[in-house]
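A.B. asks: With the hints as constraints, model all of the structure from the sequences given.
Number of protein chains: 2
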Amino acid sequence: MAFDTLEMPYGTFEYVVGGAATFSSIAASLLTHGVRIVGVVGDDFPRDYLDFLRKREIDTLGVEQVAGKSFFWRGRYSADLASRETLDTQLNVFANFQPKIPEAHRSTPYVLLGNIHPQLQLDVLDQVEKPKLVAADTMNFWISGESATLNKLLARTDLLIINDEEARQLSGIDNIVRAAADIRKRGPSRVIIKRGEFGSLLFDEAGTFFCPGYPLEEVRDPTGAGDTFAGGLLGYVTRHGDTSPSTLRRAMFYGSALASFCVEDVGTTRIAKVTRSELDARIQAFARLVDYGGSLALPAEESR
Amino acid sequence: MAFDTLEMPYGTFEYVVGGAATFSSIAASLLTHGVRIVGVVGDDFPRDYLDFLRKREIDTLGVEQVAGKSFFWRGRYSADLASRETLDTQLNVFANFQPKIPEAHRSTPYVLLGNIHPQLQLDVLDQVEKPKLVAADTMNFWISGESATLNKLLARTDLLIINDEEARQLSGIDNIVRAAADIRKRGPSRVIIKRGEFGSLLFDEAGTFFCPGYPLEEVRDPTGAGDTFAGGLLGYVTRHGDTSPSTLRRAMFYGSALASFCVEDVGTTRIAKVTRSELDARIQAFARLVDYGGSLALPAEESR
Numbered sequence: 001m002a003f004d005t006l007e008m009p010y011g012t013f014e015y016v017v018g019g020a021a022t023f024s025s026i027a028a029s030l031l032t033h034g035v036r037i038v039g040v041v042g043d044d045f046p047r048d049y050l051d052f053l054r055k056r057e058i059d060t061l062g063v064e065q066v067a068g069k070s071f072f073w074r075g076r077y078s079a080d081l082a083s084r085e086t087l088d089t090q091l092n093v094f095a096n097f098q099p100k101i102p103e104a105h106r107s108t109p110y111v112l113l114g115n116i117h118p119q120l121q122l123d124v125l126d127q128v129e130k131p132k133l134v135a136a137d138t139m140n141f142w143i144s145g146e147s148a149t150l151n152k153l154l155a156r157t158d159l160l161i162i163n164d165e166e167a168r169q170l171s172g173i174d175n176i177v178r179a180a181a182d183i184r185k186r187g188p189s190r191v192i193i194k195r196g197e198f199g200s201l202l203f204d205e206a207g208t209f210f211c212p213g214y215p216l217e218e219v220r221d222p223t224g225a226g227d228t229f230a231g232g233l234l235g236y237v238t239r240h241g242d243t244s245p246s247t248l249r250r251a252m253f254y255g256s257a258l259a260s261f262c263v264e265d266v267g268t269t270r271i272a273k274v275t276r277s278e279l280d281a282r283i284q285a286f287a288r289l290v291d292y293g294g295s296l297a298l299p300a301e302e303s304r
Numbered sequence: 001m002a003f004d005t006l007e008m009p010y011g012t013f014e015y016v017v018g019g020a021a022t023f024s025s026i027a028a029s030l031l032t033h034g035v036r037i038v039g040v041v042g043d044d045f046p047r048d049y050l051d052f053l054r055k056r057e058i059d060t061l062g063v064e065q066v067a068g069k070s071f072f073w074r075g076r077y078s079a080d081l082a083s084r085e086t087l088d089t090q091l092n093v094f095a096n097f098q099p100k101i102p103e104a105h106r107s108t109p110y111v112l113l114g115n116i117h118p119q120l121q122l123d124v125l126d127q128v129e130k131p132k133l134v135a136a137d138t139m140n141f142w143i144s145g146e147s148a149t150l151n152k153l154l155a156r157t158d159l160l161i162i163n164d165e166e167a168r169q170l171s172g173i174d175n176i177v178r179a180a181a182d183i184r185k186r187g188p189s190r191v192i193i194k195r196g197e198f199g200s201l202l203f204d205e206a207g208t209f210f211c212p213g214y215p216l217e218e219v220r221d222p223t224g225a226g227d228t229f230a231g232g233l234l235g236y237v238t239r240h241g242d243t244s245p246s247t248l249r250r251a252m253f254y255g256s257a258l259a260s261f262c263v264e265d266v267g268t269t270r271i272a273k274v275t276r277s278e279l280d281a282r283i284q285a286f287a288r289l290v291d292y293g294g295s296l297a298l299p300a301e302e303s304r
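Each protein sequence line maps, in turn, to chains S and P. For the first sequence, position 50 (counting from the first letter as 1) is numbered 50 according to UniProt numbering, and the numbering increases by one without interruption. For the second sequence, position 155 (counting from the first letter as 1) is numbered 155 according to UniProt numbering, and the numbering increases by one without interruption.
Hints are computed from structural coordinates only; laboratory data are not their basis.
Since the list gives no way to pick one copy over another, a pair counts as held whenever it fits inside one copy or between any two copies.
Under the rule of at most 25 Å between Cα atoms (straight-line distance), these lysine to any residue pairs were calculated in the SDA-like manner:
#, residue 1, residue 2
1, Lys132, Ser295
2, Lys185, Leu216
3, Lys185, Arg288
4, Lys69, Phe52
5, Lys185, Val219
C.D. replies: In structure tokens form, the structure reads like this:
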């Protein structure tokens, strides 16, 4: 949970509420009741925002509020929003964060480990009891700097959700298909590789599955889209109550649909306002986007 | 029809047979009988290659062989094969090419206009009688240098097949969805925007459709993949004998499947060897790639 200052091509937005737990829990709460988050905020974090999360039935018992400033990130996006550079990162209260899972939350069945130090991700896993699915994110910083700890995490992860550059870095393999196969040997039986607006690929025991990004007429801010995707995916899995290949495939559509809302406005502005009927409509549009109208079997050639 | 010298990261391949008509006709010939091509070659073009095309029932009556050298292109690919630079282009016999459609071919119902000067594309259209579908390709060179002629062509085109950069340049609009809407106002009721390995988007009266690229473990040479896609698509449409939205959608899968073979080896090496059973198997793999196992409707939440 964090503040982001976003330098967009069309203007700068100061101290916008962000963070993986925020985006992913809002997305999941559209699909399932009783989402639980773990995190830390400073005394500068708006009480109203925590109230807003609770009104969505997001359980904030695991959110510590401590003296000091919340995590802060400042970034600048390129003109086409396809890339960004980090201008400032202040860990603040996050520097000494030790995630504590409340007793009442230890039996949480579906666990999403956001992108933090892999040792903290392992500490969370040590506090939960036999989850049905452990999904995890990570980033270039931990891949290069904490590979031994990250390998321990991978051995305990069921579903790794990373982007294509991270997959290449983690495996040392340029080709995405072979990179995913390599990563699956290290622990996660399922790997999802995100490619931004170009969609995402799932590699699991049933084979390879592709879910497109939803083509939008306007994108305002990609921040949090990946966390929204992961939160929506886990929300759908939790609602469905199983982790079968077909459930995961449909869950990717929900994650992708929610991510497509997320990028329509700055920070959590849009995702916080999405209604169930808006989501249903976009899911229907998504179904049309991939509907090829029946069988792909080759018709007999007409005589001409 | 051309010779390409390809400087790949793993070696240089001199005077490989290429050209849009070559790739697209080979792809189409896997799906329909009696593909007809129009083009020009020099006296250096291998007779064996023309014989090979004829053995595939590709009608080469419209291929002129004239004194001089065939069109030649030399390019160098980047290490990841994602981009290339042109090192040399020699028009040779192509410089004075005037496409002539043989009398027996003037009633061809499905027409694919490869990427040449838009005036030559118009000259071809003037020689065919009421085709059921006119599909066209173009490139940055004509978009910037021959916009008036290109606009005339667009007015007579039913299906424009271009890549994302060309769509942006043609429309002056960065966003792909809005770029496609703009282009559709200029003539083509259907626009397909290709995004290389990331798949392709169709915009037509039925809405928006997405067809992924097939994830491959190894890509050797992207040259001709776009032409193979277009040829496979037109071949499927010809076989099916209609141009409905659902036919076009399924046709994109065939185009994409054939393009995925094309890139597996240098030039036409791989696409020339693809068998119907290999194509069927890849189409089945494609169907699994996008199969989300039923309805996307949201299940009722289990009580927990």
